[in-house]
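J.: Residue strings, one per chain:
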Amino acid sequence: MSRIREQSNLIYWIISRRPEKMRHSEFGHGMNLSRMKKLFVFLLALCFIFLSLKAQDYWIREIISIEKNQEIEKKLMEMNFDFLMERNNKVYLIVSSDDFAILQKESVPYTLETHNFPPYTQKELSIQGGVNGAYHSYRELECDLLALQGDHPQLARVFAIGESLEGRNIYALKISDNVYQDEAEVLFIGCHHAREWISVEVPYQLGKYLVENYATNSEVRDLVDRSVIWIIPLLNPDGLEYSIYFYRYWRKNRRDNRDGSYGIDLNRNYGYKWGVDDIGSSPNPYSEIYRGTSPFSEPETQAIRDLFAQRNFQAMITFHSYSQVILYPWGYTTDPTDKDALLAQIAATMSGLIQSVNGNIYEYGQAGKSLYLTNGDAADWTFASSGIPSYTIELPPVDILHGGFFNAEEDIQTIFNENLPAMLYLARWSVENSGLTVFPQRKERRAEQRLRHSGGQKKRTKKG
Amino acid sequence: MRRNQAFIFSLTFLLAMALLHSKSWPQMTTVGQYEDEAPFRTWNNLGITTASSLALGETQLTSASDCSAAFSNPALLSFLPRITITLNSSLSSASFFKYSLVNTGVLSTQGNVSLSLFGLDFAGASLSIKNWTFALGAGLLESYHRPRTRAEYSSYFLNFDQTGQLRNINFSVARKVLGNLSAGIGLNFVYGDFKKEVIDTLTIPQLPTIDSLSHKFQGSYITAGLLLDIGDKIQVAASFRTPYIKKSESHSLKKCYSPGGETDIKIEASARSEYKQPLVAGLGLSYKFSPDLKVASDLVFFQWSKYDVIYFEQKDEIEREFKDIVKIGAGVEYLSRVKIFRTKAEIPLRAGLSYDPQPMKSPDSSYLYFSLGTGLHWQKFFLDGGILIGKESGSGDSLSAKRFALSVSFRL
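As they're listed, the protein sequences go chains P and L. If you read the first sequence in my numbering, its first letter stands for residue 1394, the second for the next number, and so on. If you read the second sequence in my numbering, its first letter stands for residue 7, the second for the next number, and so on.
No wet-lab data here; the hints were simulated from the structure. We treat Cβ as the ideally placed atom computed from N, Cα and C, and that holds for glycine. Treat the hints loosely; a few may be bogus.
Below, a sample of chain P positions facing chain L; criterion: calculated Cβ distance under 7 Å [as the list claims (entries may be wrong)]:
1) V1524
2) G1526
3) Y1640
4) L1794
5) F1799
Distance windows between CB atoms, simulated [said to hold, decoys possible]:
6) S1490(P) with E268(L): 55 to 63 Å
7) R1614(P) with G266(L): 40 to 48 Å
8) Q1703(P) with S160(L): 43 to 51 Å
9) K312(L) with F1493(P): 21 to 29 Å
10) T209(L) with E1825(P): 48 to 56 Å
11) E274(L) with E1506(P): 30 to 38 Å
12) K1461(P) with D330(L): 33 to 41 Å
13) T209(L) with E1681(P): 13 to 21 Å
14) K397(L) with Q1703(P): 50 to 58 Å
Here's a subset of chain P near chain L, in silico, CB distances under 8 Å, partners left out [to be verified]:
15) F1639
16) S1654
17) H1795
Turn these sequences into a full structure, and let the hints steer you where they fit.
T.: What follows is the structure, given as structure tokens:
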């Protein structure tokens, strides 16, 4: 501030150096002249103040990334840094100036990444806020997932399992007491369809519930100790953003189909019976159920496929809205699977558990019979390729008259609460039946799937 | 004389106030490109271009034909006659391809859509006392209108509407400081509004959903400039506008109403938004070949790489990858001397070129404008008209923009 005052004084001094005679002869009225001059000096000083103001620096600590290798990993474990996340063979850390000194001493090469993590206000750390109210946007979710990981580093880890077309991360939250143990794994996916905002909240709230209740709830602790729970709350981040900012009813992802139309229905883009008919999906790019040009053409569905190739899931739920139903394969046909009884039994139990919470009824049945035909959907593919119980839960409301794709903000918690016992039940079922194969040849199928996947990658490499 | 001055100032003040509360009238067709807050026609607005500067390739830094110069280089005010009063109205039109939900997946058009806006967009006055010149002006700085759209099917219709304006009140002071050097400084207060509404209506069953968004803008910045007059032939100018934050009280409402299901769901948010506007700095040069012939050129730098948006108190989800740009303008003016009713008059003939790159990195787009203008300067009465016609390249959408301005000035 003193520097600014000096500048103002300097300007005033330069002007006041003009000969007294000249000033009087030019301006006539001595008093007015003096006032004008002062005004001018004041305005100039204001201008300097504007220019001198510098942006506030919000960051006290920095985020860095370090390429992972065995040697580095060993060093990092000894250093006990604040771990942020791991992605693309890089470890992201939050470091202070002291930490920098340690890194330099240990000759650990790092890249400054702070600029890739823009600052957030405290308000953003909660789910209240933003143009979509209590619902999560992509950034809010990213922030909240990282906060869960930060608050519960022993239980929760966030992975970016893929990247959307517009470059947003597809995050998976892995919940387990010990990430190195070979345990039963179960997967919950939200937001294949952009406008189904509630489908982000239910799986996210599950993750939050599990890590926050681990210490106090023996049932949760037992489940987390014996299983690995994967949660992908937002599979279609580009679509969700478009739905929030431009058009509330947007459904698909944001693929530019190059014919004036946009988007592919991610839940018609999976590889089992993809495009088997034009009823369960559409070849028309303008259609809401456009299946894309080939199975797994989209990075979002590829992320799920790749995750399945790496993990050993025992069960899967994908959340949608609306209509309050629990659906299981097949969706592409009205014919039942050969495990229809088992799938129906699990669905019936989940439906009963939901009803026991607040009396809300979720009907259940085979997807192709209960709702409408769908081909290339997630549940058909996971069931066919991995042989695991796979469910689509259509969350409330029950019909369009009760809001359709809209749920009141205050209903988010209610909807999560009513679905919680069903989700926990399926996770427990996975633990208890982790040796059971719904399909006898499940392991062989998965191995085959991995081989196919890696073969595909090799081919792409050859093509360059 | 003092009574006259007081009258003239009162009149100007009233006109300015009237302007600030008037709306420009959209002529039905359409606007906007890429972002909701994209100003009509171009992102690069240093000040208000009245008819004469428009015709000179939008050069604003060395030519002062009226007091609108205060918005871009206040030092120019020193070169105005003792009293000036100017009113400017314009008809602007621009074509767009992608904006909001048009041609981004929801509604498709077969080609570009265009919108025209007409309105009184500047009123101002200047007064010189000794070597000091003061100016007060009000103008329409930016417009955010977009083409209104309605899609209708048998049991469903979709309405889209976006309007908005940013107005500017400028108070500037200038004087000759050292011989041929003039300096000026201006205080600018901007305010405006923005409203976007998307209404989806299912008629059977009756289910209207409304997605509305509104902003009330406010901000202030300083403009300052220098002008060096070298031998009455060459003028060199430097000018800048401080970066500033266009603050907004923002409100969003997403509402679903179903009488049949007794459903009335509102997802509502109110928060502050901020649009960090860039620093602008310009250099101008003009040369008089003779009292009748003058050329002028401007280079104006916009530091768009610093552009940032905090939307509803959050770092905006929509990436705005902007780059710094330099807008270039040049023009020539020839004054043809004639006599009207046995008194001397001037008919200015103006032409210009302007290269106006837009700040988005993708698409990397720019406009090339040609401008023409003429007018009549007779006694204390100045009438000027100018037209600017431009084509965009880079986006692949072949956009176009036009602006026709007409200004009336009194010089006493």
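J.: Compare the structure with each hint and give your call.
T.: Each hint tested on the structure:
no., hint, in the structure
1, V1524, "holds (5 Å)"
2, G1526, "holds (4 Å)"
3, Y1640, "holds (5 Å)"
4, L1794, "holds (3 Å)"
5, F1799, "holds (4 Å)"
6, S1490(P) with E268(L): 55 to 63 Å, "holds (60 Å)"
7, R1614(P) with G266(L): 40 to 48 Å, "holds (46 Å)"
8, Q1703(P) with S160(L): 43 to 51 Å, "holds (49 Å)"
9, K312(L) with F1493(P): 21 to 29 Å, "holds (27 Å)"
10, T209(L) with E1825(P): 48 to 56 Å, "holds (51 Å)"
11, E274(L) with E1506(P): 30 to 38 Å, "holds (36 Å)"
12, K1461(P) with D330(L): 33 to 41 Å, "holds (37 Å)"
13, T209(L) with E1681(P): 13 to 21 Å, "holds (19 Å)"
14, K397(L) with Q1703(P): 50 to 58 Å, "holds (52 Å)"
15, F1639, "holds (5 Å)"
16, S1654, "holds (7 Å)"
17, H1795, "holds (4 Å)"
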